[in-house]
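Going down the list, the sequences are from chains C and G. Each residue of the first sequence is one higher than the one before, starting from 141 at the first, in this note's numbering. Each residue of the second sequence is one higher than the one before, starting from 141 at the first, in this note's numbering.
Accuracy of the hints is not assured; some may be wrong.
If several chains are the same, the list does not tell them apart, and a pair holds so long as it fits within one copy or across any two.
[As the list claims (entries may be wrong)] Straight-line alpha carbon distances no greater than 35 Å define the calculated DSBU-like cross-link-like pairs of lysine-lysine that follow:
{"no.": "1", "residue 1": "K142", "residue 2": "K211"}
{"no.": "2", "residue 1": "K572", "residue 2": "K297"}
{"no.": "3", "residue 1": "K537", "residue 2": "K211"}
{"no.": "4", "residue 1": "K537", "residue 2": "K448"}
{"no.": "5", "residue 1": "K471", "residue 2": "K622"}
{"no.": "6", "residue 1": "K623", "residue 2": "K211"}
{"no.": "7", "residue 1": "K445", "residue 2": "K560"}
Source of the hints: derived by calculation from the structure; they are not laboratory data.
There are 2 protein chains.
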Amino acid sequence: MKFVIIGGDAAGMSAASKAKRNNPQIEVTVLEKTLDVSYSACGMPYNIADPSRDMDDLVVRKADVFRQTNKINLLTGHRVDHIDPVRKTVSGVILSGNTDSANDCLDHVSSGDHDSVIADIHQKFSCPFDKLLIATGAVPIVPDLPGFDLPGIMALKSLEQGRQIKKFIEANNVRKAAIIGMGYIGLEMCEALRARSIEVAMVKPGHQFLPWMTCELAEVVKQELDDNSVKLYGGHTIIKIEQVAKSKSSEGNQHGRKFALSVVCENLTLDADMVIVASGVRPCSELAVTAGIESGISGAIAVDKMLKTSDDSIYAAGDCADAFHVVTGEKCWIPLALRANRAGWAVADNVCGIETSLPGVAGTAVFKVFDLQVTRTGLSVKEALAAGFDPVEVVIKTRSRAHSHPGSRSVHAAMVGDRKTGRLLGVQMVGKDGVAHRINAAAVALHANMSVADFAQTDLGYAPPFGPVWDPLLTAANQLLKKM
Amino acid sequence: MKFVIIGGDAAGMSAASKAKRNNPQIEVTVLEKTLDVSYSACGMPYNIADPSRDMDDLVVRKADVFRQTNKINLLTGHRVDHIDPVRKTVSGVILSGNTDSANDCLDHVSSGDHDSVIADIHQKFSCPFDKLLIATGAVPIVPDLPGFDLPGIMALKSLEQGRQIKKFIEANNVRKAAIIGMGYIGLEMCEALRARSIEVAMVKPGHQFLPWMTCELAEVVKQELDDNSVKLYGGHTIIKIEQVAKSKSSEGNQHGRKFALSVVCENLTLDADMVIVASGVRPCSELAVTAGIESGISGAIAVDKMLKTSDDSIYAAGDCADAFHVVTGEKCWIPLALRANRAGWAVADNVCGIETSLPGVAGTAVFKVFDLQVTRTGLSVKEALAAGFDPVEVVIKTRSRAHSHPGSRSVHAAMVGDRKTGRLLGVQMVGKDGVAHRINAAAVALHANMSVADFAQTDLGYAPPFGPVWDPLLTAANQLLKKM
Chain C
141 MKFVIIGGDA AGMSAASKAK RNNPQIEVTV LEKTLDVSYS ACGMPYNIAD PSRDMDDLVV
201 RKADVFRQTN KINLLTGHRV DHIDPVRKTV SGVILSGNTD SANDCLDHVS SGDHDSVIAD
261 IHQKFSCPFD KLLIATGAVP IVPDLPGFDL PGIMALKSLE QGRQIKKFIE ANNVRKAAII
321 GMGYIGLEMC EALRARSIEV AMVKPGHQFL PWMTCELAEV VKQELDDNSV KLYGGHTIIK
381 IEQVAKSKSS EGNQHGRKFA LSVVCENLTL DADMVIVASG VRPCSELAVT AGIESGISGA
441 IAVDKMLKTS DDSIYAAGDC ADAFHVVTGE KCWIPLALRA NRAGWAVADN VCGIETSLPG
501 VAGTAVFKVF DLQVTRTGLS VKEALAAGFD PVEVVIKTRS RAHSHPGSRS VHAAMVGDRK
561 TGRLLGVQMV GKDGVAHRIN AAAVALHANM SVADFAQTDL GYAPPFGPVW DPLLTAANQL
621 LKKM
Chain G
141 MKFVIIGGDA AGMSAASKAK RNNPQIEVTV LEKTLDVSYS ACGMPYNIAD PSRDMDDLVV
201 RKADVFRQTN KINLLTGHRV DHIDPVRKTV SGVILSGNTD SANDCLDHVS SGDHDSVIAD
261 IHQKFSCPFD KLLIATGAVP IVPDLPGFDL PGIMALKSLE QGRQIKKFIE ANNVRKAAII
321 GMGYIGLEMC EALRARSIEV AMVKPGHQFL PWMTCELAEV VKQELDDNSV KLYGGHTIIK
381 IEQVAKSKSS EGNQHGRKFA LSVVCENLTL DADMVIVASG VRPCSELAVT AGIESGISGA
441 IAVDKMLKTS DDSIYAAGDC ADAFHVVTGE KCWIPLALRA NRAGWAVADN VCGIETSLPG
501 VAGTAVFKVF DLQVTRTGLS VKEALAAGFD PVEVVIKTRS RAHSHPGSRS VHAAMVGDRK
561 TGRLLGVQMV GKDGVAHRIN AAAVALHANM SVADFAQTDL GYAPPFGPVW DPLLTAANQL
621 LKKM
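Just chain C, same shape as in the assembly:
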């Protein structure tokens, strides 16, 4: 059986490896347009923060290992341009300018080991499949505005983009950066740049900082940014970016470029040596849509619980595909790494005849903003209202450790329950100590459809160095019960 995978990142490589583990007889071909596969994309901001680290530290497994050890026909530098669901082929071009790695693949192809991939002299290829996985991921949304193609304006999604940002900082001795957008990636990049003593200003059109987050908690995050000298400019529509001659004062910087960038917004202009565009991502579903495959929420490829698209032979997984939300039961598009890996495995199982369906996601997310651990799972009040629930929220401030125990820090938690059914709907938490992993208890409760009352009775661990007797989650649940 020929199992072809478009995209060699989390979902794609997880599927490829799992399929080979399930059944070594399956012929697995991965077509990846870049030269990088299997790297920790989420680790990039932390790598950029540290000049002593090589960006390639983030590569979990090298392409050659997949080829030699896992016997996967991994073809980097192969961009798929067309899926033909009727004839069951994918076709595209081998990107020129590729290095050894891609050429290795070509050699590999011509060696006849995997003669199903046919590359012609025009560097075009086509490849038949029995089962296809589309794992094309997501791409950063870059506003269609003047000047966004100037040098020094960069987004962060691929490893190559990570390398470019890091290289640019060093080559141009960047001292001042502007970040467009204030989501996860923007905030993580902000911390990375501050770690390198780069001045950071963040700007976005919307007025509300972290709009998915309860105000009191968002204020805590805002304060942390302020404490780390990050300037936040919410409510400024971006108009264009211009190249400007550097002012005299910054010319003292001998290694820097002669030109700076100027982010022109409504009522605001930000000068910077570098601009990071972090205005969100969108699913790469064009290939699928053009092939007649159904797309759904946020334009992501619509899949069922077995990750199958509207075409029986074609699966989609990772950031390009949608998922079911365990709280609403409805489709959602929450592009995160765990789901991508898990979906990749599930596709491999289904392709190999091991029926596997995924219950869905709880929307659990955790990120770090300087010393702050910021996390959420499930629905916010706004999301709960939109999903037809009757949400009640409680916001508490408590401590991360026992009464009088040294090192105890504030923990802010918001918990949402449904007045009608008593069900737990979501939790958000912010704090500098013991927040990141605490959220998981709530995530499991969401998977189990637990009521707030039942969650309040759970036997969570207690020891003075790690928490108060009543864990912040239990205190929140107890308080929420009173309001419900």
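Take the given structure of chain C and dock chain G to it, following the hints.
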């Protein structure tokens, strides 16, 4: 209504406060034999570790606050010796040698505000009740062996015992300690003493270190003790303790005592300035048993899910009472603080006519051994076998953070599932980073009767500074599924 509570620690004071919050008209009397109420007992080892801290830092709320603000008739220094379930009275003695605090209570009693407590001239008192809560806690098991009454041999349960240990260390310039027992308290005390540069040797009759823990994980804890120069002597039956003249070498210690203690065991003698007896605790259920109330597992007072004893008017909560285990559905005796507080609240609710029943405990416990976070929830293989399950266990070693992220440490996890039903039965984890709160996700899964397969699909948080994409719990679940 007269609601009388025997014992003014976690369960007792929680019940007293909650009853008053529920209904200020209820007359609540707490009879506590010591002079201390409402303190963080679990915090004592950490307080002993730090000479600059006062033991009374651990007092969460002072007795007078309960009296004045909460309007609780709190009588310290009142030891209850008898419960008469038929006449619905408790009686006992007011302990002599008590300080102002107890005398305050007497004044308080004689003032007529709470004239139901009648103290006679012989310092005896009796007190009628409509509803009674027995919250007498647990006491350390002190072996009935020669020499255990010598000065310098101490157990740690009450705040007064904590004060005595701390005072003894300072007054006698303790440099060398022996700990009898290797359970939670012993290990926490071991860390506390090492923090004060006191040499520590631990001894117990059993050969197996942490017998409830999977061997591989117990070895990690053992190694941490070894790394901190703690000597472990398992498999030595204790025979007696003797007072011995100090050797010349230790006489150089001018502030020390002239005598040392010698713990005489089979094939081993340990010299020490101080001996901590940490051989476990037993429930204080004598009062209840003598009154004809049923006791159950481990001699604890048997209660139903509403915390009611075999007598309709009498409740028991905290370390003196048993509980249902959410995994086995059977009774268990796991004396921990969260359950005590929760049970106290539940009793108050039931006494006030708000029907409340507790689902039970998962046996979640977490403690710190130097830099190591040690935690468990649910059943070990041995316990699962005893409960009639068909347990399968997997033990994994993974990392606490993402691939290549700085600060990542080893995480050892053991997970037990039931082959017959696929159910998750228990988890144990050990590691230096991000272990303590991770266990709570598994604890919630146990409350929800989740299968290992369902738990493996939960959407746990991921960010490189806080974990690998596949959380250690998910990796363990995935591995366990393969074995089941």
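Against the structure, the hints:
1. K142 - K211: Only inside one copy: K142 and K211 sit 13 Å apart there, 77 Å across copies, limit 35 Å.
2. K572 - K297: both (27 Å within a copy, 32 Å between copies)
3. K537 - K211: between (53 Å within a copy, 27 Å between copies)
4. K537 - K448: Classified as between: cross-chain Cα gap 34 Å, same-chain 44 Å, threshold 35 Å.
5. K471 - K622: For K471 and K622, both the intra-copy (32 Å) and inter-copy (30 Å) Cα distances are at most 35 Å.
6. K623 - K211: between (58 Å within a copy, 25 Å between copies)
7. K445 - K560: both (28 Å within a copy, 26 Å between copies)
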